[in-house]
Amino acid sequence: MGIFDRYQSTDDTIKKYLKQLWEYQEAEADLMVEIATLLYEDDAIDDAVGFLERSVRIYEELGLYEQEASILDLMGDVYLNMDENNTALKYYRKCHQICTAKDLPIIEDVFNKIQELEEVEQTSTKIGTETSTSSVDEDSYSEIFDEGFSDEMEKVDYENIGSKLDDIISLLDEYAIYGSYQKFDNPLAHIKEAIEMSRSIGDDKGEAGLILIMGDISLKKEETEKSLDYFQQALKKFRKIGDDKGEAISRLMVGTAYFLLGETEEGSSYLRESMEIIKFLHDDKMEKAAMALLKSIYR
Amino acid sequence: MIVRIASGIPGFDDFTSSDDDLGLDLGGIPENTATLIYGPQGVGKSIFAYAFAYHGLTQDEPCLYLTTDLEMGDLYQKMASIGLKLDEYSENEMFYVVDAALSDSGSEMEDSDLYQSTSVKNPTDILVKVSRGARMISNKGPRFRSVIDSLTTVLESNNPVLIVRVLKTYILRVKEAGGTALITYTEGSSNSSTEILIKSMVDNIIKLDHGKITIEAMKGMGRKDIPYQITEKGIVLDNSE
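Taken in sequence, the protein lines are chains G and Y. With our numbering applied, the first sequence corresponds to residues 1 to 299, in that order. With our numbering applied, the second sequence corresponds to residues 1 to 241, in that order.
Here are the simulated DSBU-like pairs of lysine-lysine, each with C-alpha atoms no more than 30 Å apart in a straight line: (1) G/K90 <-> G/K240; (2) Y/K168 <-> G/K183; (3) G/K90 <-> Y/K121; (4) Y/K121 <-> Y/K199; (5) Y/K219 <-> Y/K199; (6) Y/K207 <-> Y/K121; (7) G/K192 <-> Y/K175; (8) Y/K175 <-> Y/K199; (9) G/K236 <-> Y/K121; (10) G/K192 <-> Y/K168; (11) Y/K121 <-> G/K183; (12) G/K240 <-> Y/K168; (13) G/K192 <-> Y/K140; (14) Y/K233 <-> Y/K212; (15) Y/K121 <-> G/K285; (16) Y/K121 <-> G/K240; (17) G/K288 <-> Y/K121; (18) G/K16 <-> Y/K199; (19) G/K19 <-> Y/K199; (20) Y/K121 <-> G/K220; (21) G/K102 <-> G/K15; (22) Y/K168 <-> G/K16; (23) Y/K140 <-> G/K183; (24) G/K19 <-> Y/K168; (25) G/K236 <-> Y/K168; (26) G/K285 <-> G/K236; (27) Y/K121 <-> G/K192; (28) Y/K78 <-> Y/K233; (29) Y/K207 <-> Y/K85; (30) Y/K121 <-> G/K245; (31) G/K15 <-> Y/K168; (32) G/K220 <-> G/K285.
No lab work stands behind these hints: they were computed from the structure.
Make a model of the complete structure from these sequences and hints.
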């Protein structure tokens, strides 16, 4: 035993700490699942899903695939219980991907759930074409898409499209508060500060909303490429947290930005995908606002 | 020596002073720290916060007040009902309110330098407005007080893990700006792991329960307790004259 022994053991100490950190993170994720279970029992579904999402990210980071897959499966079950079949399907598919790659035992169970849901969805689509309750039916927006974009890009009316986008973005849950930042002298600086804060506390929903507003402001300044970048970031965030409304709004924004950049096919694809989600959400206000936007883009 | 600021609660400062021969160690709340006031519902946590905020104002210490249960008008009324009238301090721009207690219909008041509306459902916005308030208020003098009344409502509306991070950042911002923070929280309104995390973030922990005030943790002193009463003038410790 010598006085330099502690230096020789630095690697061991780091390894020990890393192992401890790993264990803490795993324990944190396990705790989140327990909290989510209690919240779910208390009918606090959104909060429960939030905890499950966070636990999934930790398990993924730690490479604990079995846990990650079982939580994704569980999330699918949660959404299935809420009759949100599309979202449930999304989680089951993610789970199935991991099960396939890692040969996990729950693969068969998840596969059966996917099959059952796909059958239900196919049946309801057939019925839906006859008894759609949506205020905007698919035909009406498909017609708009079929009419095509304006060929004369110089006639793009930024002001008109901008006001339609304002109507849409104001439907975002976070807009009532964060939208007011636009009244400040230097709105971008305020919003950037808020984004930094949202990142520091892990407020994904707040961050996504703020980024979307950044994009809207950039678009109004006719900085279309920059705005597209913001809209894409917001879309990624909303998808990450499974916020369908946020995703639909972001897709409309992305599609519009592509259109303004002259990339009409790409734009059309995003707009169509957005309309599919909006139709699924049965949100009349959003449908009307989205239709108004489409009409201002297409002719 | 630990510098303490007067709490505004009759008897509390004597109760927390050490028996220093020179009489230098006055009691109160340790300056530039964060204090958690917790306990069951209806034990006077908010009243403690009112007295703390108000006493600071009388000592030329401005206050940043995040209210989550009472809208600003109701807060003024409630404080006035125990003799703590805020109008003068509001006029002197000493009392800065971040109002997260608004109903969905929103505020009738316009945001101003001294009043910012927010929502308990938007933790980022709360933090933005509190940080802005701390910056502004710290320019008014070397020390200020900051209150969250109560953390419970914010926790109930959000993912607790997120709010624990908000609390951490809030405490950091207030301390950096030279302030002394006080946070109220209703015991049992979150799960035990969240409560443990909250307690681990503050410097001082005071529990109010069944007519007994217990210092569970405080810089420079050990655990001790004393009976208290809620009177028409607020909280009064039984050692006060």
